[in-house]
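Please build the complex by placing chain B on the supplied structure of chain A, with the hints as guidance.
Residues per chain, in single letters:
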Amino acid sequence: AQSVTQLDSQVPVFEEAPVELRCNYSSSVSVYLFWYVQYPNQGLQLLLKYLSGSTLVKGINGFEAEFNKSQTSFHLRKPSVHISDTAEYFCAVTKTSYDKVIFGPGTSLSVIP
Amino acid sequence: ETGVTQSPTHLIKTRGQQVTLRCSSQSGHNTVSWYQQALGQGPQFIFQYYREEENGRGNFPPRFSGLQFPNYSSELNVNALELDDSALYLCASASGGGTEAFFGQGTRLTVV
Numbered sequence: 003a004q005s006v007t008q009l010d011s012q013v014p015v016f017e018e019a020p021v022e023l024r025c026n027y028s029s030s031v032s033v034y035l036f037w038y039v040q041y042p043n044q045g046l047q048l049l050l051k052y053l054s055g056s057t058l059v060k061g062i063n064g065f066e067a068e069f070n071k072s073q074t075s076f077h078l079r080k081p082s083v084h085i086s087d088t089a090e091y092f093c094a095v096t097k098t099s100y101d102k103v104i105f106g107p108g109t110s111l112s113v114i115p
Numbered sequence: 338e339t340g341v342t343q344s345p346t347h348l349i350k351t352r353g354q355q356v357t358l359r360c361s362s363q364s365g366h367n368t369v370s371w372y373q374q375a376l377g378q379g380p381q382f383i384f385q386y387y388r389e390e391e392n393g394r395g396n397f398p399p400r401f402s403g404l405q406f407p408n409y410s411s412e413l414n415v416n417a418l419e420l421d422d423s424a425l426y427l428c429a430s431a432s433g434g435g436t437e438a439f440f441g442q443g444t445r446l447t448v449v
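Protein chains in written order, with the numbering used here: chain A, 3 to 115; chain B, 338 to 449.
Same shape as in the complex, but just chain A (with noise of 0.2 angstroms):
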């Protein structure tokens, strides 16, 4: 069975500073890895998606994130975050694209100006 754990619930960010979401997973077989963003009151937007290959993914909104296989993580990054950055970010884990998705608990990523 897949896990997702997201280690910080909350965090506070100036505008114009860099940001760093962590995500670590666990699983006994190769998944597939997802950042998702959902802003108030509205569903899920996919920021970007680790399949296989390159390590390194570059999403939408200047959002990336590392995928690292002997440490299980895949956290996400941003050099510089705007207000509009505000949102709840959830990390996610599936064996294939039709498989169940398995969502960590998220952080709240607040952007303060």
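Watch out, some of these pointers could steer you wrong.
Unchecked claim - Derived Cβ-Cβ restraints for the label pairs, each shown as a range:
| # | chain 1 | residue 1 | chain 2 | residue 2 | range |
| --- | --- | --- | --- | --- | --- |
| 1 | A | 82 | B | 402 | 46 to 52 angstroms |
| 2 | A | 16 | B | 359 | 40 to 46 angstroms |
| 3 | B | 347 | A | 28 | 33 to 39 angstroms |
| 4 | A | 112 | B | 404 | 37 to 43 angstroms |
| 5 | A | 82 | B | 390 | 45 to 51 angstroms |
| 6 | A | 44 | B | 435 | 18 to 24 angstroms |
| 7 | A | 10 | B | 376 | 17 to 23 angstroms |
| 8 | B | 397 | A | 30 | 22 to 28 angstroms |
| 9 | B | 400 | A | 60 | 41 to 47 angstroms |
| 10 | B | 421 | A | 44 | 21 to 27 angstroms |
| 11 | A | 18 | B | 416 | 47 to 53 angstroms |
Stated by the list, open to error - Which stretches of chain A does chain B cover? Using the computed rule of at least three CB atoms under 8 angstroms from a CB of chain B, they are:
| # | segment |
| --- | --- |
| 12 | 40-47 |
| 13 | 105-115 |
I should point out that these hints are in silico values taken from the structure, not numbers from a laboratory. Every residue, glycine too, gets a C-beta built ideally from N, C-alpha and C.
Positioned in the frame of chain A, the structure of chain B alone reads:
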């Protein structure tokens, strides 16, 4: 744009009632999954349907049931509603040839 649509967007029900939520999957997708997202939590897998058959179930009681139709659209039914059923319900569709599931915007259910 995902192409997965859910209805209704918001719903208020009374404890003990029954509710049906609907999901129209993205064109060409034959797998539909449902998730429950309680306030302040990550989405939790309820069940999945593949070609009209249930194909996996999470830790939810039998009063959560579903259907998938020949056009691959789907329904989630919840009987005997409880206050803790208040949540955002998300539908996702996928196909074997794709790389990820696509999520709808969800139905916000409030049980009073």
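Could you say whether the range 17 to 23 angstroms given as a hint is met by the Cβ separation of residue 10/A and residue 376/B? About 19 angstroms separates the Cβ atoms of residue 10/A and residue 376/B, which means 17 to 23 angstroms holds.
Pairwise beta carbon distance, residue 82/A to residue 402/B, judged against the given window 46 to 52 angstroms: 47 angstroms, holds
Against the range 47 to 53 angstroms, how does the distance between the Cβ atoms of residue 18/A and residue 416/B compare: consistent or not? 51 angstroms, holds
Is the hinted range of 21 to 27 angstroms satisfied by the C-beta distance from residue 421/B to residue 44/A? 22 angstroms, holds
Should the hint that residue 82/A and residue 390/B are 45 to 51 angstroms apart at their CB atoms be regarded as holding? 48 angstroms, holds
Does the Cβ distance between residue 347/B and residue 28/A fall inside 33 to 39 angstroms? 36 angstroms, holds
Mind checking, does the segment 105-115 of chain A have 3 or more residues with a CB under 8 angstroms from chain B? Held - the segment 105-115 of chain A has 4 residues with a Cβ nearer than 8 angstroms to chain B, which meets the minimum of three.
Could one say that the CB atoms of residue 112/A and residue 404/B fall in the range 37 to 43 angstroms? 40 angstroms, holds
Are three or more residues of the segment 40-47 of chain A within 8 angstroms, CB to CB, of chain B? holds (count 4)
Could you check the hint for me, namely that residue 44/A and residue 435/B are 18 to 24 angstroms apart, CB to CB? Hint holds: Cβ distance 23 angstroms, inside 18 to 24 angstroms.
May I ask you to test the hint 41 to 47 angstroms on the CB atoms belonging to residue 400/B and residue 60/A? 43 angstroms, holds
22 to 28 angstroms was suggested as the range; check whether the CB atoms of residue 397/B and residue 30/A agree with it. Given range 22 to 28 angstroms: holds, Cβ gap about 24 angstroms.
In the structure shown, no violation is registered for any of the earlier numbered hints.
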